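A.B. asks: Okay, here's what each chain looks like letter by letter:
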Amino acid sequence: MEDKEILIVPIFIILPIALFFLSFLIGRYPVSPYEVICTLLSPIFPNLAVSQTVTTIVFQIRLPRIIAALLVGACLAMAGAVFQGIFKNPLASSDLLGVSNGAGFGAALGILMSGSGFIIQLFAFIFGIISVSITYLISQAYKAGGILVSILSGVAVSAFFNALISSIKFVADPMEKLPEIIFWLMGTLANVTHDKLIMVIIPMFIGFVILFVLRWHVNLLAMGDEEAQSLGLNPSRLRLIIIVAGTLLTSAAVSITGIIGWIGLVVPHMVRMVVGPDNRILIPASLSFGASFLLLIDNISRALIAIEIPIGILTAIIGVPLFLYLLRKGYFQWA
Amino acid sequence: MNVLDVKNISFSYDKEKIFDDISFSVEKGDVISILGSNGTGKTTLIKCINGLHKIDSGDIFIRGQNIQSLSFREISKFIGYIPQNHDATFPFKVLDVVIMGRAPYLSVNNLPKEKDTKIALSSLKTLGIEHLKDKEYTNLSGGERQLVFLARVLTQQPDMLILDEPTSHLDFGNQVKLLEILDELAKKGLSVVMSSHFPDHTFLSSNKVAVMKEGSFIDFGKPEDVVTEENLKKLYDIDVKLIDIEDGRKMCVPLKSNLKLDYEFFSR
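As given, the protein sequences belong to chains D and B, one line each in that order. Going letter by letter, the first sequence gives residues 32 to 366 in the working numbering. Going letter by letter, the second sequence gives residues 5 to 272 in the working numbering.
FYI, nobody ran anything at the bench for these hints, they're computed from the structure. Note that the structure is a prediction, hence the values are computed from the model and not measured. C-beta atoms are modelled at their ideal positions from N, C-alpha and C, and glycine is treated no differently. Be aware that one or more of the hints could be misleading.
[To be verified] Per label pair, the in silico range of CB-to-CB distance:
id, chain 1, residue 1, chain 2, residue 2, range
1, D, Gln83, B, Asp138, 53 to 63 Å
2, B, Asn143, D, Phe76, 53 to 63 Å
3, D, Ile232, B, Lys122, 45 to 55 Å
4, B, Asn113, D, Ile44, 17 to 27 Å
5, B, Asn6, D, Ile232, 52 to 62 Å
6, D, Ser147, B, Asn113, 29 to 39 Å
Whenever a hint applies, use it, and build me the whole structure from the sequences.
C.D. replies: Structure below.
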């Protein structure tokens with residue numbers, strides 16, 4: 032295990048950093064690697080600046096989008112990994128637990144009511160927490176049903192909030208608010224600005240730190256509540272803290288890019304195949320690979336076609352076959 | 005001072021009495037088996053003395069301290085617990101499972117360190133299963149997996165082990181091996197409380213036996229005094245013959261009860 036770690040850890044550190052720099056090269060306006068490096072260094076060394084156009088493209092257009100892809104991918108994958116652990120459920124993720132749709136409803140409500148970034152994020156968080164609580168309470172009420180019941184209760188809660196989202200669309204002003212809500216719900220990285228990023232960076236950072244610090248204890252919760260308690264933990268309290276942190280990540284992601292599905296489910300499984308189930312490595316590795324994976328998909332979407340495809344569509348198109356492949360490999364030992 | 009004192013405890017679940025007015029004490033090095041038929045409340049009793057369920061009345065003292073004044077963490081330094089069933093989800097490595105036994109000594113923002121790994125490895129060595137450390141615990145045989153959980157509770161460095169039917173998933177040979185291991189651990193000063201479905205086993209490993217029926221202890225004492233044909237008849241509602249074998253050990257042989265089915269309702 033130790034030898035393997037020595038090989039694996041640098042890969043998970045280098046991958047997102049390498050992708051970060053490579054991603055500046057992708058887009059309609061050609062920019063060379065040399066120009067990217069010079070421009071990125073130009074705030075510190077002003078004489079390196081290439082041209083005003085390149086500076087604008089690098090800093091105003093590509094940088095916020097690249098950072099958003101990294102952050103949102105990291106949030107969704109990390110939240111998915113911890114939810115799978117603490118719910119003892121390999122099929123858990125923000126989407127399947129209803130958190131994404133709950134947060135999506137909150138954010139849509141925020142757009143409808145005010146449009147201020149803070150309100151959107153606050154509502155996304157509140158309704159994210161409400162939805163995961165309902166899912167969890169239902170699965171507790173039918174304890175004997177196990178994983179199947181918690182999946183079904185997540186599906187039910189998702190459907191419920193989906194209906195609420197539809198009702199928001201129905202009442203939204205069709206000229207202004209409706210297109211905004213619809214486009215945003217599809218999940219898109221196109222509208223990310225520096226201001227939006229600054230809004231979410233603190234809640235994301237808090238979520239990352241909490242989950243990173245508690246990552247070993249996720250292993251203990253994955254053994255079941257009774258065993259976790261007999262090992263000296265307070266399982267309900269610990270789980271609550273982790274749920275709040277995971278929901279903070281999901282709702283922060285949802286509030287800037289809308290609902291991007293499948294990352295939270297598929298990425299932790301792909302990572303688990305490489306590093307194993309120990310959350311001490313799995314959680315940071317999911318963070319790194321989730322960031323890289325979403326950035327990669329976004330790059331593909333920008334490189335392939337001239338028009339902007341909402342990334343939520345692409346993650347589903349790529350995520351569903353991947354999920355089915357993992358299912359076929361018998362990777363989910365949950366039956 | 006006793007390791008554990010249980011005084012007049014009762015527990016109900018949804019107004020249904022599970023057990024009532026149970027008292028006993030555990031001394032250092034005791035191996036206590038609780039015998040009883042299915043559904044008589046052994047598992048619930050075990051969870052109560054471990055602090056997993058809250059008792060309705062009575063008191064439990066761990067080394068003289070009332071369990072109600074202790075946190076889960078403090079209890080877990082005294083008591084290591086192995087449940088009857090384990091529902092595995094993720095294929096953790098054996099060493100990763102065993103090292104979880106260090107949790108009582110690590111604050112919530114800490115990861116196990118090298119010292120903790122050493123303690124976990126020495127538990128594996130004690131039980132002779134060090135070679136399993138990098139295997140997935142979900143891929144082990146029932147006997148190996150039970151030893152892994154035993155290694156985990158040893159890693160907790162407790163004063164007492166509470167085991168819920170530890171032999172129930174083991175084959176004939178592994179049952180006896182596990183009991184011998186528990187006997188050895190007790191000689192080193194660990195106390196053991198376990199529930200069991202095998203009256204024979206009490207002669208192998210236990211110095212005290214509790215006979216539990218309908219939520220009460222109807223007898224408590226040394227195996228040779230308590231595991232009698234009479235008590236077994238009361239417990240299991242069948243006739244049992246006790247046969248003496250080597251050095252004081254006895255064997256419990258169930259006799260045929262001449263059970264008849266009611267064929268009036270039988271159709272095929």
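A.B. asks: Check the structure against each numbered hint from earlier and tell me which ones fail, lowest number first.
C.D. replies: 3
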